[in-house]
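Engineer: Protein chains in written order, with the numbering used here: chain A, 1 to 111; chain B, 1001 to 1115.
By construction, these hints were calculated from the structure, which means they are not laboratory data.
Ideal Cβ positions, reconstructed from N, Cα and C, are used throughout, including at glycine.
Just to be clear, a hint being listed does not mean it is correct.
[Stated by the list, open to error] Simulated DEER-style distance windows between Cβ atoms:
id, chain 1, residue 1, chain 2, residue 2, range
1, A, E76, B, H1010, 16 to 24 Å
2, A, D54, B, N1030, 25 to 33 Å
3, B, E1102, A, Q106, 35 to 43 Å
4, B, T1103, A, G1, 19 to 27 Å
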Amino acid sequence: GDSVTQMEGPVTLSEEAFLTINCTYTATGYPSLFWYVQYPGEGLQLLLKATKADDKGSNKGFEATYRKETTSFHLEKGSVQVSDSAVYFCALRGSARQLTFGSGTQLTVLP
Amino acid sequence: DTGVSQDPRHKITKRGQNVTFRCDPISEHNRLYWYRQTLGQGPEFLTYFQNEAQLEKSRLLSDRFSAERPKGSFSTLEIQRTEQGDSAMYLCASSFQSGQVETQYFGPGTRLLVL
């Protein structure tokens, strides 16, 4: 079945540091890939998405590229801010309608 | 567009009691999903509706769990004879498929604590 493996956290960075959160997936066919973010006390928000190989999703300075050859969708940001502190979830939507999520990565950015 | 809303936001109950949660999707979204999220984990799919039809329910955790969407608008998730292991965050999401892309929008969740 479909599965998503995320880099384990927690991750702690200083402000303006470079961020990478690794995500790899297993799925049949050609899934759509997503990153969701959960800020403290809030619900899941869609951060970015990509629907086919080599697509790059981007939003709020975050980027992720759909790499079919390595079955990966790593999240990156060049310069993190304190306000980026949150839990980040990688997810896929395969042949089934529902999303399959990774276990989440807690990011803390220190001033 | 006020987003997906869920009620209540928090529920504390005693083991053996029944609980019901409500989800109001974004208006005109025809698909509605229920997920469960336990501490330190990603959301886990439970069931989904397209309009009023429940198209997938095999992932409901046991026969104590049931969901309805009677008029294709709001949905309810009921847990009968709650157990301590049911303590979790219950999330609702809605979507409207446009072309190839379907994006699910999540509500704030209902946090359940079973004592």
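Engineer: Against each hint, give a clear statement of whether it holds in the structure.
Structural biologist: Against the structure, the hints:
{"no.": "1", "hint": "E76(A) to H1010(B): 16 to 24 Å", "verdict": "violated (35 Å)"}
{"no.": "2", "hint": "D54(A) to N1030(B): 25 to 33 Å", "verdict": "holds (30 Å)"}
{"no.": "3", "hint": "E1102(B) to Q106(A): 35 to 43 Å", "verdict": "violated (28 Å)"}
{"no.": "4", "hint": "T1103(B) to G1(A): 19 to 27 Å", "verdict": "holds (22 Å)"}
The earlier numbered hints that this structure contradicts are 1 and 3.
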